[in-house]
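Using the sequences and the accompanying hints, generate a full structural model.
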Amino acid sequence: MTTLRPFTCDDMYKFNNVNLDPLTETYGLSFYMRYLAHWPEYFQVAESPSGEIMGYIMGKAEGIGENWHGHVTALTVSPDFRRLGLAATLMNFLEDVSEKKRAYFVDLFVRVSNKVAINMYTNLGYIVYRTVLEYYSGDPDEDAYDMRKACSRDVNQKSVIPLTHPVRPEDVD
Amino acid sequence: MNAVTARRLQPLYSACESRNYKQALAIADRLLKKDSGLACVKVLKALSLVALGKEKEGWSLLEPVIEQPMLDLTTLRTVLHVLNELKKYRALAGVLQKNLVYVTGAEELWTLLFTTYVRLEDFLLQKQTAIKMFKLFNNENYYIWAVQCLLLQCKFDEKLEDTTIHLSLAERMLEKAEHNGWIKSEDVLDLALEAFILINKPLSAAALLERNSHLFSDDVRKWRILARLNADAQCWEVHDNYQQKILSKFPDDCVSYLEYIRSVFRGDCFNVDRCRDVWQFLSVTTAQYEGEKSMLRGPRFARLFFVFSCLDSGYNELSEVLDLPSLEFLLVDYFAKFGDKLVCSTDLGIILPSICPSLLLSFFDSLQSAYDNFDKLDSSSNLARHASFQRLKRRSGLMDAETCESLVALSESLLTSNLTHARDDLLGFSAELLLSAFLKSGCVKHLHHAALLLRCALNKSPYDARLKVRLLLVYNQLGMFASAFSLFSSLDVKQIQVETLSYLVDDIHVACGDLERRMHHFGLCSSFYCSAGGEIAEAVVKAFRFGTFSKISELTAFKQKINASLAKLFYSVELAFSKCFGATHKQAFSYLSAIIVLNPCFESLQDNRDFEILKHHSDPEAQSLKQQHTERAKHCRAHWIQHRILLAQLLCCSFFYEKKPELLSSYKNHLSFCTSTFGSAVLGEFDGYSFLYSHFKDYKPFGLLYESLLLCASAFFSAVQVEHQNAQAVSAVKSALTALLRSTKGCLGSVPFSSVDAHFFRVLNFVFEMFAFQSLVLQSFTRSKLTRKQKKELPILSVLQAVADHLRDLRECLEAFIQRISALPINNHKAVYDLLPEESRLFSTQLADDLKQNFTFYIKLLYDVKKNLESKQFL
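In the order they appear, the protein sequences are chains A and B.
To convert, note that position 55 of the first sequence is 55 in this note's numbering; the numbers rise steadily by one, no gaps.
To convert, note that position 12 of the second sequence is 185 in this note's numbering; the numbers rise steadily by one, no gaps.
Misleading hints may appear alongside valid ones.
What the hints assert, rightly or not - Straight line, CA to CA, 20 Å or less: simulated EDC-like cross-link-like pairs of lysine to aspartate or glutamate:
id	chain 1	residue 1	chain 2	residue 2
1	B	715	A	62
2	B	715	A	10
3	B	618	B	665
4	A	100	B	392
5	B	633	A	21
6	B	734	A	134
7	B	422	A	134
8	A	100	B	228
9	B	227	B	245
10	B	395	A	134
11	B	357	A	41
12	A	115	A	134
13	B	271	B	245
14	B	667	A	11
15	B	261	B	228
16	A	60	B	391
17	A	60	B	360
18	A	158	A	146
19	B	395	B	405
These are computed hints drawn from the structure, not numbers from a lab.
Right under this line is the structure:
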């Protein structure tokens, strides 16, 4: 039982149940503000009947020409509301927005160690397009998968033909 | 700029462009030696200084340049860049205003002026600039900006008393925009809708939306807005139509169900036929998803909520008319389907606390007896259902009556014999029950047991933040502060979370006397809030640029909340300080010198927005914090003054007792701060006088205030007498004295005669002490064996000069005051006393008597002062 609605500034006051999860980063205000001011339609929150934040998705539209695409910046669901298909609902929403914006594909980055997430994205139709070496900084740095799903505009699904070789973070546009 | 000058400047520009600022400085100095009047060189030097981190020097170099009536375009651009770097937005706006008269067609400069006003949050000037830009550049976007600014002004400008005219202007502007075809995007349409909603014309908004519906990319969003607008206009048929459209597309949308059902049972528009339609729609939707393997909770919950709302609104007879099932039946049915899910207790928790106690008991009885008829699940799911049942009882308040023993027994019933196999959520819930048992009995063993359970859960799920928070609270109760801190650190609290989660440890910092950690935390928080204000302003600028009008009001409101949070933070830190004053003087002194003085953040305590906290601050997280805020609203004025008084007294006492004049310069900022804030407190708070007395009959803030001022003054005199050759100490004293005299002057100038009481005369006394101080220093000067030249070089002279300047200023204030008093029958002091406000007479009988006896004496003293001033006996 969920309602999707645009994320608002005040949601930052009550997203601790989601953001205290160690795999969810709490960014600086300017980061959230940038998304709110530029791509508000890509920043959605799932709310429970009692007004709790169940999860949220942040994204943006970027690229030029055939690289015009939707990008998932963050997707997270509170531990209390997992296994309800919420992540899929949020991803569907973002894909719909990207379709309306006439994007060619939707992409996202995920840690190669995050098998649960990779599995979920695969079930949602995403493929590993390429590996980005040492994309996540840490001790040690960790590689990322750049996963993609083609939108209807990419009729020939050119955007999701996997690369055979890994790339460096600086090669990712 | 002529060709020769341009050629000479080229190396300087090159050095700046290549960011070789040291070289740029050297070149600039060389050029300035040849021609000291070159404004562009000064500006580039200022730019280099700012880039090298010497902001103060850069600013002092820039200040005279920006005073010039006109700058060439290149210099102007550099000036604007430097001012932007320095975040001197007020000055930047001033320079632009002056120079845009001469520069035509510079659209980017006009845009910069507009965005500067956005950063300054000056809605009126934003609006005026946008209109000018629209006229100059004939770009309709600026026209839309102006409308947005108009709305911001109506919503956030507290000085604007009547918004009607402004809103009707916004309406006309939007009509023109639509007529001219300027409403071209969803964002602009959003703005127009916001305006109509503010004007309270929902149907006009709906009509506008219908006319421009092609602009909406998302149908569901459009339906939601139309549903709300029609609800505002009470057009229920249309409203229901849109709600049903939304729910047909999203049958699990809880908020839409709740809104829809609540609208049906509104007292002012209740209609049985409408109820029947809604119930039918809900039943059909439920049936539609009944057969699916994974059943949706939404439609079932909606039926439940419908029946609940029907009873809750008092329409009991409707149950028969519509043949509604009983609420109890629906509740049991919902629990049977979803009882093993964690969300069940959250869902039903919306309804259960509001239903009548008899029905509640009956529900739990039915649930208990229906247990055997529920589908048999595996043992883990059965246990989860049992936990849900207990959670619901807890949420409904039924556990309040449970004894400590039964709570412990219940806690045990949720756990398996081997804790390592127990589920985390059950361990957590079990620990909560033990906490309740502790609160009932005060028996610490329950707390220890709860901590054990939570640690066990954390061993299995080391990253579960909710378990950590629960354990942290248990540690706090047990006084295990070190463990609590280490758990808090592992939560990695940062950014906006410092506001929403700091309360977990704030009080412990003070309780265990760990002020260093408290100050460290304060530093983190204050730097976050200070930078947040600027970041939000930048986001507003971006929203204007991208045309995201739907977010501008939201961001502006958020900025106000962040400002309020900053003030709240100052308040809580001061509260922590004042709690320490209960400690011994020595402790307080070491704390003061080790923490406050060394922490630069403390300087930013020069903020008196404490009073505004409650106006804008909506508490993010806990109800208990909300209550604290409400309490603070009541007492914050008195607290605010009290804290500062305590702080100043501590500073002075420290100086007296420790006899360390070298500390004086490090106290300089704090003394100045204290005295200047006292000044503003006196100026601003005389209106709150009666408020204070009505709330704090035994509290004498103004008495304390002036005592502190006098104490400060004594400390300074003593310092100057001991250290009058120490330039650093003298400079500290000078600045503190300036602040003191300024506040006294403000006090003399602003106090209405009706507010005159014994304390006011204390201020006068202070002025006399100043005169006495001057005489004293002058005498010691005359008697000293120093030569005339040596005397002139003494730093104390500058202090005397400053005092003399202020005393001259005070003269006018005193004279005006004496004139007012002269008009009164001074021979009959009782008559004058009777003119005093009642609260000051009630203030203290002793003081009132004192006042009566001494009034004539004070008047005489005033005349003496006047005479002294006239004879120019002082410097």
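Structure-based check of each hint:
1. 715(B) with 62(A): Distance of about 17 Å is within 20 Å: holds.
2. 715(B) with 10(A): Answer holds: residue 715(B) to residue 10(A) is near 19 Å, not above 20 Å.
3. 618(B) with 665(B): violated, 30 Å
4. 100(A) with 392(B): Within the cut-off at roughly 11 Å; holds.
5. 633(B) with 21(A): holds, 15 Å
6. 734(B) with 134(A): violated, 39 Å
7. 422(B) with 134(A): With Cα atoms ~42 Å apart, residue 422(B) and residue 134(A) exceed 20 Å; violated.
8. 100(A) with 228(B): violated, 48 Å
9. 227(B) with 245(B): Not satisfied, since the Cα-Cα distance of roughly 25 Å exceeds 20 Å.
10. 395(B) with 134(A): violated, 43 Å
11. 357(B) with 41(A): holds, 17 Å
12. 115(A) with 134(A): Given pair residue 115(A), residue 134(A) holds - Cα atoms ~17 Å apart, limit 20 Å.
13. 271(B) with 245(B): Roughly 12 Å between the alpha carbons, so the hint for residue 271(B) and residue 245(B) holds.
14. 667(B) with 11(A): holds, 16 Å
15. 261(B) with 228(B): OK: residue 261(B) and residue 228(B) at ~11 Å, within 20 Å.
16. 60(A) with 391(B): holds, 17 Å
17. 60(A) with 360(B): With a Cα-Cα distance of about 17 Å, the restraint between residue 60(A) and residue 360(B) holds, given a limit of 20 Å.
18. 158(A) with 146(A): holds, 15 Å
19. 395(B) with 405(B): holds, 15 Å
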